[in-house]
Amino acid sequence: MKLTLRVWRQQNADAEGAMSTYEVDNISSDMSFLEMLDTLNEELIVKGDDPVAFDHDCREGICGACSLVINGDAHGPERTTTCQLHMRSFKDGDTIDVEPWRAAAFPVVKDLVVDRSSFDRIIQSGGYISAPTGAAPEAHAAPVPKPDADYAFEHAECIGCGACVAACPNGSAMLFTSAKVNHLGVLPQGAPERETRVLDMVAQMDEEGFGGCTLTGECATACPKGIPLPSISAMNKEWLRATRKVSR
Amino acid sequence: MNSSREYADYTTGEPVVDTKAPAGPVAERWDTRRFEAKLVNPANRRKHTVIVVGTGLAGGSAGATLAEQGYHVVQFCYQDSPRRAHSIAAQGGINAAKNYRNDGDSVHRLFYDTVKGGDFRARESNVHRLAQISVEIIDQCVAQGVPFAREYGGLLDTRSFGGVQVSRTFYARGQTGQQLLLGAYQALSRQIAAGNVEMHPRTEMLDVIVVDGRARGIVARDLITGKIETYFADAVVLASGGYGNVFYLSTNAMNSNATAIWRAHRRGAYFANPCFTQIHPTCIPRTGDHQSKLTLMSESLRNDGRIWVPKAKGDDRPANKIPEDERDYYLERIYPSFGNLVPRDIASRAAKNVCDEGRGVGPGGQGVYLDFADAIKRMGKKAVEAKYGNLFDMYARITDEDPYKTPMRIYPAVHYTMGGLWVDYDLQTTVPGLFAIGEANFSDHGANRLGASALMQGLADGYFVLPSTINDYLARNPHHDEISDEHPVVREVLDETADRISRLLAVDGDRTPDSFHRELGELMWEFCGMARTETGLRKALERIPQIREEFWRRIKVPGTGEEFNQSLEKANRIVDYLELAELMCLDALHRAESCGGHFREESQTPDGEAARRDEEFGYAAAWEFTATGEAPALHKEDLVFEYVHPTQRSYA
Amino acid sequence: MTRTIWDSSVGKKTVMAVSGLIMLLYLIAHMIGNLKIFFGPAELNHYAHWLRTVGEPFMHYEWTLWLIRVVLVVAVVAHAVSAYQLSRRDIRARPAKYVNKKAGKSFATRTMRWGGIILGLFIVWHILDLTTGTVHPGGYEHLHPYQNIIDTFSTWYGNVIYIVAVVALGFHVRHGLWSAAQTLGAGKATRDRALKIIANGVAFLLTAGFVVVPVAVMTGVVS
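Chains as they are written, first to last, in my numbering: chain A, 952 to 1199; chain B, 1040 to 1691; chain C, 3 to 225.
Just chain A, same shape as in the assembly (with noise of 0.2 Å):
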């Protein structure tokens, strides 16, 4: 395959950036997107030119660190993460553009590259349960009915790459927040944390700068892992429960 390549590159954080245009040749369908782009950077080496700068670790769809916005959709056009995007889901002549995620709370690092400390700083607002090691009774002294464990896992699938903010027109981070407060939310080890924990990563969210949820439901389209919309609404739900039970 040969395509042509529309790249967002930007020198650092302060610089200004640009789409920036590259063909490529010899592209297998069987190739995965970063590998296309793994293509793309072995030649600008060789150029001398800058390889253009994308997260990535894995490559098996679960770090989280991969991140391309392709041809405006968060990961692509398949619901998967850009590592599990292969070649085959684009044609021979194809032109493809390649957008770092867009959000206030996701500067810019370096080309594809932004910094999602945010998201952290959200988890270590309270997305835990206050477990210290040493002090766990035994695993089965507290037996979870299987339908809230399930749901339990749905949520905790969730890799933290972005996508739901990526896509999101407001830049929100509703459906993140959901996936860990629904989490623990639903298991008894969380409940003693259950209300300040939704009230606190509430907060933080909003403090980093993330938008509302006006239920576009772009988020859950884009989430690689299947995070459903309904998330959210159970999100608000604990929220106002834990308004109610907790003066603050």
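FYI, nobody ran anything at the bench for these hints, they're computed from the structure.
None of the hints are false.
Going by beta-carbon spacing under 7 Å, a handful of chain A positions derived as facing chain C: (1) 1050; (2) 1055; (3) 1121; (4) 1153; (5) 1157; (6) 1161; (7) 1162; (8) 1163; (9) 1184; (10) 1187; (11) 1188.
Where a beta carbon is used, it is the ideal one built from N, C-alpha and C, also for glycine.
Got chain A sorted already, so can you dock chains B and C onto it with the hints?
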């Protein structure tokens, strides 16, 4: 026989002895050690700084636990977030001797299985401790909210893994590593928020600072600004993972690297059993030269999938056109009692053998079938989907084939490294104050790791072992002189680091970092992969210094050191691979026996199984660094087996 | 608690949902009232009079009506202010746009903001036209809504403004009602279809119920 003496590429030094492991009954040793270890007064812990490099299962859990105890932790990861460490990609599960199934499991059985599975090249004391702690890990993770799979009664579900006949593997669908890591990450996040952990993401350790024989800090590069900075501490813990990426193609993450452990090795930490690498039998075969990494298909698939190849050579009919009686379910045939669940080294080698016979399937004949037709018939598609759905989806996405309809094609790939920095029972390296935990050390898996044991070991080290044993070191070394960048040793390390970076940038040659990495990887896979020979290893040992020389002549690293520069990061890691690869081959050459994942063609039983030579090689090989390209020194640690007596492993 | 709610993006959305639902309830009652036009001037005008005496003797003349008006004004202001503040936050959260833009969201979602502004302007005109009579096209007569309505819908612009606004209302309610359910925590995967059907149904009935009046005047069914 004195065969190891014939190789003049190394010298033999004094034996190395683990002075920390207590004597006495194996089941009491961990208690004894914990009691004998000195403690640090809780009020004094705040005054101690501990550096932790890496945020995977071992590093994440260690950082969180040390901080909970009151230590000041300074932690590093090269990823943009501690949540992305490669432990996240572990799929299958975590072992624990809970015996919830009442199927005859016990701490002693897990201990026995692990020593045997490791082909008698691991320490009994360490492995027993691991088995004891396994039970606490599950409790700890459940308390953190890890959503393990459960049965309808609300209790935890388990499944079977290779090399064992009990069901002791706890799992969270095909994402157990992810869930355990997020548990550790959340515990760590709590400590970051509390101000007990100072977290440095996108910061890569480039060297360790050893002053007066003690580890006192590290040199690290801020990957965004390129700034090289020093961090000082009372102890340094390396939790930087394994070195499988020496092979270029592996199931490791793209940026997983050996720099931290190799730099520590250069500063005096012995490197043990570097040739013990695990080739995982069930990975998706490569499709072409563009391949950047290999993807694992969880071992758990071998619970229900059946592995086969055509009986006839060169049979290129599609799988479903090959009738049942023309298929060779070779694992079930050769190993009737363990069948498809033999340990990884055995399954990998068997796959290689049938492919070498010309019976491999798929492009290039480099693959075998993993077939779920029977499982789908027995359990129904729905049940198979519930158990393995995400793995099937991943396979379909990568290969564009539907594994519900046609069998998966799999082939072995480099997955894990059992070797690593030599550590004593306290997980301390030969450099006082420098500890290594998780895959970065060599301690528990011997020559072959059993499935679902890596997660167990990482968390055992991080949550329970290190936080107990490091107290002893800190209590015995309470007061350190203040050091700063002005200290001559620190100056020297800083200068060396800066010099290496500027040399990489100055070559301005014509070859990319990846081209060298790929060349090294192909060489290692051919000569230091699934089957090794003296001739092959000698060839590799001759070739590696040549590649290294060419590297320093032709490497091209664009950009500068004062910016976000991924090519520079890569090139800098390859420098270390080019040295480590040589030690791996040397270790493989000197160990003229077969054991576990290390298969020397010269040493096999008549039916092609690995033949150990316990008399000559019943030791762990701990290597001491001398200089690049110079002969290293071998220090042997004799392995004593009091409880599990070495026998030829039999899974037939 | 009030602070927690008002300071939070989730809280402000709750304010929008609750105020929106209050307005929606009012609109349903309003629409039912409007339909009395089909039963002749006496019935409609009587109904207008009743609105002022409802609650007597406990309430004085027009007290109940004013109470409703106050609640409505509070709802409108709360709805508008939170909408404004949330929109500002949303726009700030996404300062750089994508070069490659995709149109994904449904028409209703995209038009929530514009729809809201149209409705706000319409309310002003509607009050000036039929409550105060300030911009009424004919001779406005207090407590004679039947004739007033016919006057308004006898002008082309009266019809245009009204129908455009009511259609905007339909879209606004269609997304807004479903959205309010989500915000108040009633959203569930198993319930999503039902919620969408309810939201669409209410939006349709409301639009139809309002539009039928000008159409009836235009076609001479009501005169």
